[in-house]
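> Two chains, two frames, a set of hints: combine them into the complex.
Protein chains in written order, with numbering that gives the first Met the number 0: chain A, 0 to 260; chain B, 0 to 544.
No lab work stands behind these hints, which were simulated from the structure alone. Any given hint could be a false lead.
Unchecked claim - For lysine-lysine, the following BS3-like pairs were computed, each having C-alpha atoms within a straight-line distance of at most 25 Å:
1. B:K534 - A:K131
2. B:K533 - A:K133
3. B:K212 - A:K131
4. A:K15 - A:K25
5. A:K15 - A:K228
6. B:K534 - A:K130
7. A:K194 - A:K15
8. A:K194 - A:K110
9. A:K133 - B:K534
10. A:K122 - A:K194
11. A:K110 - A:K122
12. B:K534 - A:K138
13. A:K241 - A:K228
14. A:K138 - A:K194
15. A:K256 - A:K241
16. A:K122 - A:K138
17. A:K228 - A:K251
18. A:K118 - A:K130
19. A:K251 - A:K241
20. B:K212 - B:K102
21. A:K118 - A:K131
22. B:K102 - A:K122
23. A:K138 - B:K212
24. A:K133 - A:K118
Each chain, letter by letter, is given below.
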Amino acid sequence: MPKSAKADREPILACKDIAYTYPHSKEVFRDINLNAYEDEIVAVVGPTGTGKSTLLRVMAHLLTPTRGHIYLEGTEIREPTPNISLIHQSIATFPWMTALENVRLSLRDTKLPEEEVIKRSEKMLELVGLKKDKDNYPKEMSGGMRQRVAIARALAAEPPVLLLDEPFVHLDEFTAQSLRQEVLRLVFKHRNFLKSAILVSHNLHEVVQLADRVCIVNGTPATVVEELKINLPRPRSERDSKFYEYLELLVKELGLKDYRV
Amino acid sequence: MDIYPIALATAVTIARVLVLIALSIVTGWVLGYIAIKSRWFENVWITLVNVFESIPVIAFFPLVLVVFINGLGGTWGVELASDFLVFDAVVWNVWIGIYQAFKTVPGDLLEVAENYDFGFLRRMADLYIPHSIPRITTNMFSSFADAMFYITVSEVFSVGITTYKSFGIGSVLVAFLRAGNLTGVYYSLLCIAVGVVCVTLVFSRTNRWAVSKFGTNTDIVIRRRTGPLQAYIQREEQYLVRELKTVRHMIHKVRAPPSVPLSNPYERQHLLTKQEVKYIEFAGTIVAIAVLTYVLYSVYLIAASVSAQQWARFLSITPFLVYAMAVDYLRVAAITILSFILAVTVGYYLARHHRISVPVTTAVQIIAAFPAPAYFPLIFIATLPFMENLLPLTYAEVYIFMLGFLSCFYYVFFDFWTGVQGIPAEFWELMRNYRLSTYTRIRYIILPGTLPYLITGLSSTINSAWAGIAIGEFWPNIYGTQTLQTGIGMMRFISLNMANGDVADAAWVSLIFGLVIVVYSIFFTRNLMDLARKKFVVEEGIYAA
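Same shape as in the complex, but just chain B (with noise of 0.2 Å):
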């Protein structure tokens, strides 16, 4: 077998990938600074983003199916459905990772760029972007990741009996998985693991050189580079630091807690006059109008262009998708519970045994790092046999668990395990000297101490158990002719009826989802957040004037 295309069609997805991470961060740069000068486009698009980054990939399907593939149609219309889903996988950490940074700059910084009075361009080029790298290259891992896990679903989908396809590694895997040609899957796995590998390798040096240039509180010496490339780099950051020289406590942290208060009025406040601020707040505002406006407008174009019949139907099957998405929630907090658990333990023991955390968490990065999607297929087909003998009424029920497990375990560890390791020395003393319990160590101390970090880290964990179960509940020929699929559950019922063509059911359920996900988020998610925040903030417990 010619690995050649295959290898050609990873170059094309990590690419295309890579393309669109570039345009979020452009895109994160201005939304992101309108967002910082206008409290109602910031209270817009924050809850918005919010929202958006909590709908897995294949709620947005009826969407691309209406825009891009009926809208625009052709080549370019499945090219740009593809893309729109990459991107919707990669743009939401680095918007926020860019709003949290522009959020955060220090006060000091933005005083000295008032008294330099910079304008426009020189604050963006000066503080705000280079301000915003290391929260960007931090965040590049999980976008690519999580790109990479929707590689199958983006670049190949089915809509009734056609099925469309934009080359890449993804549709060239669906290929040989339903043609069960193993060893086209193998050299197709293989030229991910590289990719995944190089990508990955690039990522961490960028991101090490961007903490040390750019981090504003970092330990971590800048390696001096030589060439004509460089010498212009160093020379830049030899300016800004001259610019910047007076600065004495630049109190940032580069990880910073995991959210950032909604408004800043010193940042709206300074370094602008009153006229260019009230200038700014009111485009803000009309943006901000406009972007609710469109979507109220288009919500009223679609409900007053579905039938009194079509409603009466989704009106009908509403009770039965409330119960699919009960049976859905049901499986995210058994997959989330299990990850939470599994995470502190096993979190907690590696802080307590640096010898191993070493090994442990390198391989929790490594299977972090391989989208499970791709790889899930052979386990599937390897353990069905023994599967359906041992459980053959729920076996399919274990693989989405599995599934869904695979796909997000490893946010809410890493989290935590963050968390854990910013827990002060002196704390730990305290434990060991006071003798407490390992119950008691885990209930008072290392929970509250991390709760920041594990609220962010079970978000992102079940966002991706969802991910995680709306793949596997309908897989259609996951491995050559066998279909992976459960009775009942909202997300199959997504995707069967989109691999049926029936686009309005998908969308109606889709919508349920995406309120649901709302009122989950500014009424739980946000509120935990808040508190999190306020009362649960660990670097508060050492006093050191």
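Isolated chain A (complex conformation) (with noise of 0.2 Å):
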């Protein structure tokens, strides 16, 4: 099983060393290094508690890394961007807000014009589905289709990265696996801005589904503890006898006894 290819390329996100220490805390992690390249999607898996949402956060630099730094296309990061955009665990929709107006939102403060604004949102709704639900406010919604809101939102804004924590935690499993498909669709169909993607999920068969590279962080302060890269073809099938080989290497090396593959 190849593990952990180093990719020649330049990555399109970069974190070099990065720690993080909340106030009056312990450190939650440290030394990570994680690259995220071109038309790939990156895993963070590990056990509960080991700061993989705060990894993201700090990514995102909604939180800032205690130490180290992050790169972005080659420029460093010192603040929150659009140009990272999170969708987070807890769908969260703006509810005084239509699906257009959620969508908005993340273009309020740029400087394009109106008619830009309104003919991106609407494009972005186009593409996760929900044209014709573009009047509708979340509580007329489902919860598959707040998130697709959610993620219309974050891509309006045209982030080369884009960082899913457990987006499809709260969702059934038939929404999550149709938004699943989207979001591979998304990242590897639309490349004229979204060139990446990090996600964190507990649920493995999602991560072995969705990634191309799985790091598993560990320990206390956490660590990247391995790298995996998963070499199956697209589409992927769970009824792929390699895609079960994947599963439960990721199981061994999470020490997950009583996990069921």
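Next up, the structure:
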């Protein structure tokens, strides 16, 4: 099984020796070196409490790393930017805004002309299959539709990098499966702006299905203990015996004795 | 100077307020229960509470005079008049809190009570009353503050040449102020400060205990106590927990949205047999009709007792009164706008700078806890020479504005602050992630996200602004022989006519004001609150199945 393949290309997002400590608390993780390359989905997995969600927030600079540097396409990031958009685990939409207004929010303070803002917002809603629902409020939508709105809102800013913090965990399996396919389609078929995605998930099936590379974090403070490249052709099928080999490998690496593959 | 009588007066006042809060609680439990069982009673009661809550205590002076001073008379008449005015200051918060608590008892708990076939007393003792306690203890702060705010006008008031007094720190303080006795004033303020701090501390601990013990969604740990009373309380608590242990998902929040739907058919249909429901609904309807009939009959009696000549006079002064009311509304609007701007800007700043939020909110709490009319005369007398020079024509207006502002700004501040703290972390992250400007954040996220809280806060702010200007527009002998008064204002008209013994004119303007408040409450506050509840519930922004 190939492990930890080094790419010669320039990473889209590069984390160099980053560490984070919550105020008046212990260090959450340290010496994290993680790169995400073009056309690549990187998954971060690890036991609960190892700071995976915190790591995503540090990558987005929503939390300032206590050590280390983050680079986006070679430029160091020092503050939050719409170019690294975070999709939350708990689906966050503004209840007083329609789907279209929710998406427009990410473009509110750009210098784009109003027509362009609306055009782009509508295009993103179309991309996630919600063109007809643009005037609906979140409470008139299902959880899956709301998460699509959140994804459209993140994409409207045309970010090169998308950070996904367990984005399907609150959805039923059918909706989650359809959204996973959509994320794949977005990353690999709409290359004009979105180049890479980093996914945090506890669902190992989801990880094997989506990721090109998996970073396993563990320990206190957490570090990247293992990196695994998933060489499976797309579309991936759970009936494929290789799919299960990767799954078993992940279970082994994570030390999950009771996890049923 | 002997401080003992001052301390005693403070203790008497605080005891009076606490006893009347207790009376509000007991009556609130009874009325609240009837309200959730009878839609008729609920509609009448809640409408009346909403209206009376908005009317400043001073507007009740004519009623107090007719019923207690002229009707009952003597020392008891004066004491009951004071008690009525204090009761009027404390009761609305408590009643609304109990009503909201009774309306939001989780359906799961109601089902458990139904399963165990709880009777009326058990339902009250084990379900409704415990569920209402966190709200009561929370509302006791504002009830106590409201009562203390009016203490200088409810313990001593003049009608014509007669001054009516009941013993308490309010009447003692007024006597010192009129005599220009600064030492007495300082001692009084010191005693009030000690009293307010002690009561606030007790309320604070009680509230924390109540929320931890009776709240249905809280992370606060219950502190175990020892001693026979505590052991009894714990036994009762364990009993309740045992009875209700099958309940897994208690979703009610201790601080629920500021308003609740007027009807929840679940409560009316469950728990009781059809016959019991019919009986309570019938009883509630009878009570509601009786209250309405009494109110209408009283209005008729009063109207019939007024001579045609008097009616002509009322009508002739009405345009002037409407103008005076408009001037007062401008004052209230100015105070409210400043309070709102301050609340939003400071509240937003504090939300982004957690380190200073604790000292600032504590400072505002201290200011809020101390009744403005108690210390305002000192500000007045200290700054009067300067203000008279600076603004010879409008200095009174500045003082009225200042008193109104000190009386109310913290309501909208604390409500907004509570609302801002309720904005989910995800929303803050999105604001930062998309690098939204401060204007965009406030305009599109913060204000809509806090709208239900803002409406509640603004409503309380407006009510208290009225209270401030009601005292400030005509304050005879605010210090020594000094009188603070404005040239025009509805509240001045009421106070001045009461002081001159012209109760009829004062009652007429109180009635007009009451009608305006009813219209305002029905067509503005309620509609706005309904809209906020329907569309601007920030908790609905997070979907976590």
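> If a hint holds in the structure, say so; if it doesn't, say that too.
Right, here's what the structure says about each hint:
1. Straight-line distance between C-alpha atoms of B:K534 and A:K131 comes to about 21 Å, which keeps the hinted pair within the 25 Å bound.
2. Distance hint between B:K533 and A:K133 is fulfilled; the C-alpha atoms sit about 20 Å from each other, no more than 25 Å.
3. At roughly 49 Å between alpha-carbon atoms, B:K212 and A:K131 are farther apart than 25 Å, so this suggested pair is violated.
4. A threshold of 25 Å between alpha carbons decides the hint, and for A:K15 with A:K25 the separation of about 20 Å falls inside it, so the pair holds.
5. For the hint linking A:K15 to A:K228, the alpha-carbon distance of about 20 Å falls within 25 Å, and the restraint holds.
6. For the hint pairing B:K534 with A:K130, the CA-to-CA distance comes to about 22 Å; that is within 25 Å, so the pair holds.
7. In summary, the hint linking A:K194 to A:K15 is supported, as the alpha carbons are separated by about 19 Å, within the 25 Å threshold.
8. Under the criterion of a C-alpha separation no larger than 25 Å, the hint pairing A:K194 with A:K110 is consistent with the structure, at around 23 Å.
9. As the CA atoms of A:K133 and B:K534 are separated by approximately 17 Å, the hinted pair is consistent with the 25 Å bound.
10. Restraint check: the Cα-Cα separation between A:K122 and A:K194 comes to about 18 Å, which is no more than 25 Å; the hinted pair holds.
11. Note on A:K110 and A:K122: the hinted pairing holds, with a Cα-Cα distance of about 18 Å set against a maximum of 25 Å.
12. With a CA separation close to 9 Å, the supplied pair B:K534 and A:K138 stays within the 25 Å bound.
13. Simply put, A:K241 and A:K228 have alpha-carbon atoms about 13 Å apart, close enough for the 25 Å limit, and the pair holds.
14. For the suggested pair A:K138 and A:K194, the alpha carbons sit about 32 Å apart, so the restraint of at most 25 Å is broken.
15. Among the hinted pairs, A:K256 with A:K241 is consistent with the structure: their alpha-carbon atoms are about 20 Å apart, no more than 25 Å.
16. For the proposed pair A:K122 and A:K138, the alpha carbon gap of about 22 Å is at most 25 Å, so the pair holds.
17. For the given pair, A:K228 sits about 15 Å from A:K251 by alpha-carbon distance, which is consistent with the 25 Å threshold.
18. Restraint check: the Cα-Cα separation between A:K118 and A:K130 comes to about 12 Å, which is no more than 25 Å; the hinted pair holds.
19. With a C-alpha separation of about 15 Å, the suggested pairing of A:K251 with A:K241 holds against the 25 Å cut-off.
20. This hinted pair checks out: B:K212 and B:K102 have alpha carbons roughly 19 Å apart, not beyond 25 Å.
21. The straight-line distance between the Cα atoms of A:K118 and A:K131 is roughly 14 Å, inside the 25 Å bound, and the hint therefore holds.
22. With a CA separation close to 45 Å, the supplied pair B:K102 and A:K122 exceeds the 25 Å bound.
23. Straight-line distance between C-alpha atoms of A:K138 and B:K212 comes to about 33 Å, which puts the hinted pair past the 25 Å bound.
24. Proposed proximity of A:K133 and A:K118 is supported: the alpha carbons are some 12 Å apart, at most 25 Å.
Checked against the numbered hints above, the structure breaks hints 3, 14, 22, 23 and satisfies the rest.
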